[in-house]
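Enquirer: Listed here are the chains, written in short residue letters.
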Amino acid sequence: MIRFILLQNRQGKTRLAKYYIPLEDSEKHKVEYEVHRLVVNRDPKHTNFVEFRTHKVIYRRYAGLFFSMCVDITDNELAYLECIHLFVEILDHFFSNVCELDLVFNFHKVYLILDEFILAGEIQETSKRD
Amino acid sequence: MAATAASSSSPSLIDTLFQRSLDDVIRVLRSSSSAALEAAAIARALDEIRREIRSPDLDTKAVALQKLTYLASLHHFDMSWAAFHALELLPSTSLPHPRAAYLAASVSFHPSSTDLLPLATHQLRKHLAPSPSNSPALAAPALHLLALASSPDLAGHLAPDLLPILSSQSSSNPLRPKAVATALRALAVCPDTAPVLFKPLVECLSLSSDPRAVSAAIGAFCELALAASDPSPYIPLAPEFYRLLVDSRNNWVTIKVLKIFARLAPLEPRVAARIVDPVCQLLRRSTAKSLVFECIRTVFSSLLDHDAAVRLAVDKTKEFVASDDDPNLRYLGLQALTMLGPAHSWAVEDSREVVIQSLNDTDTSIRREALRLEMGMLSDSNVVDICNMLIKYAIKSDPEFANEILDAVLATCGRNVYELIVDFDWYVSLLGEMVRNPHFAKGDEIERQLVDVGLRVRDARPELIRVARNLLIDPALLGNPFLCRVLSAAAWVSGEYVEFSRNPLELVEALLQPRTNLLPPFVRAVYVQAVFKILAYSFISFIKQIQAGELLEIGNSFIQRGGKQEGSDLVAAKSSSDQNNAFAIGDGVATDDKAILFDSIEKQETFKHESISCLLNLIETVVGPLSECGEVEVQERARNVLGLILIIRETQFWNIEEGHELTRDDKITKMVELMESAFSEELGPVSTNAQKRVSVPEALILNENLSDLLDILGDDDINPCASVSFSFRNHHSTETNQDSATAIEPNSFLAEHRKRHGLYYLHMDKDKSESNDYPCANEPLLPVSHGEDTEDIVKLPAQSLIPEKAKPTKPRPLVIRLDEGDGVSSSNLTTAKESKGDLLSGAIRDVLLRNEKKPSLTHKTSLDRTSQRRENGASENSELISQQKESNSFGDREHGNSSSRKGRHHHKERIESSGQNRDNEEKSHRHSTKSSRHHRRHKHRQRGDAPLDIAPQSPVIQDFLL
Chain A
1 MIRFILLQNR QGKTRLAKYY IPLEDSEKHK VEYEVHRLVV NRDPKHTNFV
51 EFRTHKVIYR RYAGLFFSMC VDITDNELAY LECIHLFVEI LDHFFSNVCE
101 LDLVFNFHKV YLILDEFILA GEIQETSKRD
Chain B
1 MAATAASSSS PSLIDTLFQR SLDDVIRVLR SSSSAALEAA AIARALDEIR
51 REIRSPDLDT KAVALQKLTY LASLHHFDMS WAAFHALELL PSTSLPHPRA
101 AYLAASVSFH PSSTDLLPLA THQLRKHLAP SPSNSPALAA PALHLLALAS
151 SPDLAGHLAP DLLPILSSQS SSNPLRPKAV ATALRALAVC PDTAPVLFKP
201 LVECLSLSSD PRAVSAAIGA FCELALAASD PSPYIPLAPE FYRLLVDSRN
251 NWVTIKVLKI FARLAPLEPR VAARIVDPVC QLLRRSTAKS LVFECIRTVF
301 SSLLDHDAAV RLAVDKTKEF VASDDDPNLR YLGLQALTML GPAHSWAVED
351 SREVVIQSLN DTDTSIRREA LRLEMGMLSD SNVVDICNML IKYAIKSDPE
401 FANEILDAVL ATCGRNVYEL IVDFDWYVSL LGEMVRNPHF AKGDEIERQL
451 VDVGLRVRDA RPELIRVARN LLIDPALLGN PFLCRVLSAA AWVSGEYVEF
501 SRNPLELVEA LLQPRTNLLP PFVRAVYVQA VFKILAYSFI SFIKQIQAGE
551 LLEIGNSFIQ RGGKQEGSDL VAAKSSSDQN NAFAIGDGVA TDDKAILFDS
601 IEKQETFKHE SISCLLNLIE TVVGPLSECG EVEVQERARN VLGLILIIRE
651 TQFWNIEEGH ELTRDDKITK MVELMESAFS EELGPVSTNA QKRVSVPEAL
701 ILNENLSDLL DILGDDDINP CASVSFSFRN HHSTETNQDS ATAIEPNSFL
751 AEHRKRHGLY YLHMDKDKSE SNDYPCANEP LLPVSHGEDT EDIVKLPAQS
801 LIPEKAKPTK PRPLVIRLDE GDGVSSSNLT TAKESKGDLL SGAIRDVLLR
851 NEKKPSLTHK TSLDRTSQRR ENGASENSEL ISQQKESNSF GDREHGNSSS
901 RKGRHHHKER IESSGQNRDN EEKSHRHSTK SSRHHRRHKH RQRGDAPLDI
951 APQSPVIQDF LL
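From first to last, the protein sequence lines stand for chains A and B. So in UniProt numbering, spot 98 of the first sequence is number 98, and the numbers just go up one at a time. So in UniProt numbering, spot 735 of the second sequence is number 735, and the numbers just go up one at a time.
No wet-lab data here; the hints were simulated from the structure. For glycine and all other residues, C-beta sits at the position ideal for the given N, C-alpha and C.
Listed below are the simulated BS3-like cross-link pairs for lysine-lysine, each with C-alpha atoms no more than 27 Å apart in a straight line:
| # | chain 1 | residue 1 | chain 2 | residue 2 |
| --- | --- | --- | --- | --- |
| 1 | B | Lys318 | A | Lys45 |
| 2 | A | Lys109 | A | Lys18 |
| 3 | A | Lys109 | B | Lys126 |
| 4 | B | Lys126 | A | Lys18 |
| 5 | B | Lys755 | A | Lys45 |
| 6 | B | Lys670 | B | Lys608 |
Some chain A residues well away from chain B (every beta-carbon gap over 10 Å; in silico):
| # | residue |
| --- | --- |
| 7 | Arg3 |
| 8 | Arg53 |
| 9 | His55 |
Working from the sequences, and respecting the hints, build out all of it.
Expert: What follows is the structure, given as structure tokens:
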């Protein structure tokens, strides 16, 4: 299952954070900081998977934004990588050519889209068709 | 303070009229140029929110809540205080209000800390109820909130309300997949809901359901089966899963099904035998890399008995590993190979070069995976080669990875009390070599292992002392703070096993060299103690040597009678004249050692009088100043050493050059006895459970738990966060500047950015024709160039990874192992989780067994389900069933278009799977017929309340797939 999803820009500012497990505020803060540090310096030629504590983070960079998804160690990495891409395409479709500012000012809409896409850590939509 | 401000100023009309919107707040935050300004802006916004949120006007309240949610989710401000205000908005009839409330609740509610959510039970129920007036727009967030934040009680209360959505037959109910995910969470939180929720979940798997519901349901079962400590309750569902595996065209579903089968196959060989073919077909045909990888993983984890499948999977894995252009695939290939273990090291052989190149990859993920693979391939036959190679490689590697290598080698070799190690001499010298690594930082573990090997493996001690000597004697090591733990272990070894040393005097010189003052006091103390032991040993040997010389003269007549033992008795007799009792005990212990000493003396291992005097002088000059040392440990031990020297010097005949006179002094012999009794007893390893076996003295009262302590110390745990949040702030400030810049000229900026970083953008001209079948994860990624300096590493280990069957030159020495608890540390970490999982599996097993009571036992659930499907009138079913029948050699399944009720009463021949199950099944058969009379009608609730008369009987596994 997906533990959390983060959208962060290269400076480490969180644009969207969705946790599917209960975490304290201070812990969330720490997690976001650590995940950003893990992914920000990675080369584009590197894998899109990083180990994070006892889980792994699947991330992908779009423009200046990192989409990071923390999943169980047994989950299928490539499938979740596709998930991220699908989510970005959905956002792109909704905002027509999405950019970071769209996400900043349409905060609650992004949440709504995300909730349609993933519920309780389980992917709801597996195809762009619907 | 803020709370009082809020209460003093009540919301006014002005607030409502001139309320700032969320956009306003965001703009202000973005325009504040420094961290301080931003903090001020946030504080102001929070103040406003506190006032506005108490407004009777719902619009004002909703906007305030929205702003608060923004601040809480992106700036981590506590908003638990506003929980009640969120609930106030739920009943509103205007759609945006409850939506804002749900969003706020899903961000801030916490199952353990929010006690307010039960207040909303009624409202949630209303939103979930299927009525035309209710739009899915509210049911969806209600489901979401329920999944995220429900307590066990709430989940239990609202589970029945999920049923109408779960079992809705309209094929396009968008809520059904969401309800499935919510049901999964409810099951996880509250296993008691299983009787209510499990059956509808199973029904979602049927072909007639909406494909999205199937996908959600299979995801849910995957979670359940993976989380359960014992997935056997899910075996009855295997026919359903098998059908999906064969028929589903959705890769996502297939991946999940494979995950479930990977879990089930080890429990039930027939399941494994059935899925091999479809898995191999997928491996051959699928173009989706994610699916291929999942097949590989399934084969490697659960189908290792099937050679053809393993070979096919290995071939595919090699393709993965060899894909230069896609690091993701290479990473996954390495990961897959790691699953194979030493038994299949032939599979790794061909990819050896890539594996070793990967050790040098710039990507830490790949390097780590390659290292893990190497470690996974270790067996007692290749451990020497691979470890030597890795340790050499670690010297050239960067500091972080070098230590990861050392860590991995230490952990793997030390696993289960050094089970892989045959040649301990080699291992001990490897430990010594690791210390020479320039980036070495694993002092603690090496310290532990040096001492541990010494205690456990008697045969390794001579080599151990040689390694210790080499470490101690090198002045360059003393200044390195990472090494002091290792040196402390080396010093301890040198003192404890000094009898194996070729030159104890050299050891003392090493232990007393001037640079030892760089060591921290606790290591210094060990050094001084080691000096003490060596001094005692040397002195005893010296005296023994003289006595032996005398004995040779006196006792020539004893020789033909095997005089050694006699001789030592004589010594004992001589000294026992005025011994007190305490010494007598030591005497008994020491007799054997004396025999050894005689041996060593015969081997010309001699201590001269001058050398001992020299030793005394050296120790006196160096240790002397330490007796004034401020550290008590060092000071005390230094004084011990000096005291011993003083006693030796005071003996009557010490200054006489001819040492033979020494033995005439009673004091000397007494002293020798005393010191021998002090040091002769060997220290052994201590079991990790030893502490538990010590009985608690009666007078001692222990606190039941340490909750009082928690109260005192609890707050301190948050400390580490302080630094984190601090550096995060810095990010904020630099970032906002840039943000405001982008805000001015977004378009030109964006265009330029896209030009420079095009690879991170979505393609401008998206081809609409791309396959919708999700996920087709083989999209081309970026080309990869390898590090240039890999060649030299490739040259390093021509032999590594091949399980060379070189026979060990000598037998493995005895390694002392204690009871079962020794070396096993990670035992009860998972128990808490498991117990919960067990509860759930128990409940599910219960549900399944009950389901199965109506049909006559055979093909329990599958029948139940097929009848369900017939009810639904799905025409594919008969096709499916006949397909299953074709593959069923027993051909016992009756099928056709008979009505479902009739189907239930068919008496199927039971497949006799194995003789030993028969009795069990007979029993459950009786049970089932009995209870099926009671529960002829579907009444989930009643079933849930029924007594658990059949509950956890041993699972009767049947030939579901045949």
